[in-house]
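> For reference, the chains in residue letters:
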Amino acid sequence: MKDEDIFDEMWGRHETLRQPYNLFKHWFDGEEPARLRAKQREAEELFRLTGITFNVYGRAEAEERLIPFDIVPRIISGLEWQRLSRGIEQRVRAINAFLHDIYHGQEIIKSGRLPERMIADNDAFLPHMIGVNPPGGVYTHIVGIDLVRTDDNQFYVLEDNARTPSGVSYMLENRETMLQMFPELFASNRVKRVETYPSDLRSSLSACAPPGAGSSPTVAVLTPGIYNSAYFEHAFLADQMGVELVEGHDLSVVDGRVAMRTTQGYQPIDVLYRRVDDDFLDPLNFNPDSALGVPGIMDVYRAGGITIANAPGTGIADDKAIYSYMPEIVEFYTGERPLLENVPTWRCSEPDALAYVLDNLEELVVKEVHGSGGYGMLIGPTATRKDIAEFRKKLRARPANYIAQPTLALSTVPVFSRAGLSPRHVDLRPFVLVSPQKVNITPGGLTRVALKKGSLVVNSSQGGGTKDTWVLED
Amino acid sequence: MTMQLTIDHTTTYRFEEPVHTGLQQLRLTPMTTHFQTVSNWVVYVDGGHLDLGFFDHHRNHVDLVTLDREATEVVIRCRGDIETTDTNGVVGRHFDPAPLWLFRRQTDRTRIGPAIRRLARQVEGETELARMHNLMAVIAGAVEYNTGSSAPDWTAEDVATEGHGVCQDHAHVFIACARELNMPARYVSGYLMMDDREEQDAMHAWAETHIEGLGWVGFDVSNAMCPDERYVRVATGLDYPDAAPVTGTRIGGSSEALSVQIQVAQQQ
Amino acid sequence: MLGKTANGLYWMYRYLERAEATSRLVETGQRIALTRLGSSDAEWRSILQTAGMLQSFEASDEEVTKDAAIDWMLRSRANPSSVLTSIEGARQNARLVRTALTHEVWEAVNGCYMTAREVLARKVGERDLPKVMGEIRQRTALVRGATHGTMMRNDIYNFARIGTFLERADNTARILDVKYYVLLPTVMSVGSSIDNVQWETILRSVSARGGFRMTYGNDYDPGDIASFLILDRRMPRSLAFCVGKIRDNLEHLCRTYGTTPESLARVSYIQDRYLTRDIDSVFDDGLHQYIQTVLSLIGGLGAQIEIDYRFYE
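Protein chains in written order, with the UniProt record's numbering: chain L, 1 to 474; chain Y, 1 to 268; chain Z, 1 to 313.
Note that these hints are calculated values from the structure, not bench results.
Hints are supplied without guarantee of correctness; some may be wrong.
[As the list claims (entries may be wrong)] Label pairs and their calculated CB-CB ranges:
#	chain 1	residue 1	chain 2	residue 2	range
1	L	L179	Y	E70	31 to 41 Å
2	Y	R59	L	R385	48 to 58 Å
3	Y	Y44	L	R86	49 to 59 Å
4	Y	T85	L	D352	48 to 58 Å
5	L	P183	Z	M114	18 to 28 Å
6	Z	P236	L	Q267	35 to 45 Å
Because the structure is a prediction, the values reported are computed rather than measured.
All C-beta atoms, glycine included, are put in the ideal place defined by N, C-alpha and C.
Please construct the entire structure, taking both the sequences and the accompanying hints into account.
Written out as structure tokens, the structure reads:
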């Protein structure tokens, strides 16, 4: 890709400073690079001491890594954000309506908008959810929508995260770190607050409690345990919300409720924010070998005795094969044109699409339908011939397992490097809270940045970093 | 055409080592429908307690039982009266929350292999109904009813390969073949009034398939007939584990011994 | 509070206390080796035994040398009570109960862990030993300070303290159990330099030389030492002090929760029956017998606390 193909969020396409970065640029020019370098190190020390780390799968337990943090904020104007958040809200409402429909009448299939096999042949469809009415009608209490930008006014949804989106703790800690290190920046720029997220999360979850829960429902966070890659975040959120952080073996079904073992006996839980996958949630009803879950929790759930956030079975909405139908889904349930665009997607299950993809592998990104974290993915333009040949084989063997998309010219935002400000590709994951009363979108979200020059892979598991994300008050 | 039945069903588990913790799901409560009216149905448990009840995704009534700590014996007893009507096996329109396509999905227990495929290929008939009757006959001819001759975890393919089994196995083979023929099919667990005796040592099982125009229709391969007024429908599912009368998980309580006593009597 | 959280707090502070106790024993050992001319390997055997690590060390098939013993006590991952594994254990439990800790306590324990990993990454040479031990002790002291300065005096704090004092009582009792014979009046030979060294070892291993001098002057008397370590409630590592503290903590929990569990009865029994008497009657009963009884009662108390407060399912 040539430089002029790429939109830089600070400099646009033609080296003209974009308005949201005015004050920042002014500040930056007045700073000594040496001081900023020292600040960058200070930030890392802060992260290490606070223990903001993630565990790397398949390595020794002691392997806790920092996600690199870059001190240059990613800045979005209030107007840009307003447009984006309308689109996000529309999409999240549609996802929720879709989930309700899929586990009830399946009108969207009857209407012919979505082929039956997309659900019938999909492992993410959870029969145990059929006919369940989750408290408050909410399926996806917490959603992360992954966005990429290619131009001034062009955002695309790359992926919906409707199961257990992670990363919100980095959004919060990044802001906290910036506030501590550069308080003067926040005095001059009017940046919308993200710090209320934990209390918003708690009230949003409480608002989804089962009807019998009373005025202050008991909320708890369920973690797979300290070896989970996101354990820091689980502990962080429980701490910030002021609720218990529990593991499966702390919980039992007692007197028809899910209850936690406390020093004073069992105490029932009303809302469980679980960070454990469906499969492992209930060894009585799902994977009998799971030691992470709570036997019988699905029974209590079906009986209306607990809220599980997110609801089991929401994976059917963020499956990459379903993703390609999101424009139809948004229209079907909201009756409106989608405000946010999907990346054009070829479903390799369709022969014509497959043929096109096989012919153009060098230019496309191919993704596994059920993969995540940037694994099992081919990025045509940077792939070796051998990689491409291998993927060609895989595609021919199991075409329905893959989708393909054009390689987007992701926008860049500068990072602070030895050479000063250098552009690096970014994406954005805003976090959305859903309750019966409202859809609450935290202004900004998590900006992930590919730290290698020219790289499009922003995943932290593959060397990506993060930035503080600012939405300005206009 | 109608029949008054009284059912009394006791399941006893004995453990050599006491139970530490355990849960059991009971699918033991028949529902009132247009062909069976249930009255005075009660479920009691000794050595555990009923914690909650709910309807599962097949609209079965499920009771969740927590086993008592240190229990060495758990007794589950249910009893009640049922008035049944003969409908020639026709259960009727599909109005469950589960979509029909779900019943075309094979499960671990009905996953097909060459033996099932061979059976399905033999099926003939002009209409769906005729083909399903023919399927029942084909299976009855190929899989001999023989108590104690199969293992409880056999798959349909195992049964079709071995050529013998009990009612559960017949039902699995029927379901697997019907689905192979692209017909929605499901497993039914229930009771059967026997003409020659009241005491039984197991529940009965049969299959249902969805036929255009009729809806769900039952087929009992073991007795080579469609259910009549002697049949009581208790629970349905995609296969046995989905509809089983008792499923559970337990820590402690090793060396389980199970005994079942069932009485299905016609009221005089 | 979750039972698991109580358990995690209890173990976090037990491990911290253990790390301190072990590092103190390493220093004591080195100190004695410096002041003695003869073979010090036998002395290291005794130190390992005092730390409760002799069996596991022997199982590792290494010869008892000064270097091997120090490394085993400080850094060995095969040794579940080495300073490094103890600090890792403390930090692991701190992660588990992070929501119960203040930010300051978490940072202190995380900082302690990072320091320990750094300074114990390689074998510690004799010359560096005092500096390394000093750094670690400073770090654990920082955790204690943050605990005192920032934690609410609620059930969280009390479980943390119970862990601290149970471990400490256990350590002191074990030292007495291994060294009891030098405290017996029958072998008392006043002025013998051998015994002086032994007595000093005991006092050093509980950081009590200064305290003892302050109380009894410069003359070591085994009866005084025994009394000081067992019965003196002013001495923060004595059995009476530790058990008294555990009793206070349990009473606090009883008031908070409105229950009177079995463990409170047990701690009262230990205190009233064994720790409120004079040292002569202890000697009359037989010092060794007495210490073993108290050691097993303290073990039983720990197990009862786990049951009373549902540490495990």
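> For each hint, tell me whether it holds in the structure or not.
Results of checking the hints against the structure:
Look at L/L179 against Y/E70: about 56 Å separates their beta carbons, and that is not inside 31 to 41 Å. Between Y/R59 and L/R385 the C-beta distance comes to about 56 Å, which sits within the given range of 48 to 58 Å. Taken as a hint, the range 49 to 59 Å holds for the pair Y/Y44 and L/R86, whose Cβ atoms sit roughly 57 Å apart. The hinted range of 48 to 58 Å is satisfied by Y/T85 and L/D352, whose Cβ atoms lie roughly 54 Å apart.
For L/P183 paired with Z/M114, a C-beta distance near 27 Å keeps the hint of 18 to 28 Å intact. For Z/P236 and L/Q267, the hinted distance range of 35 to 45 Å is satisfied, since their beta carbons lie about 36 Å from each other.
Consistency with the previously given hints fails for number 1 only.
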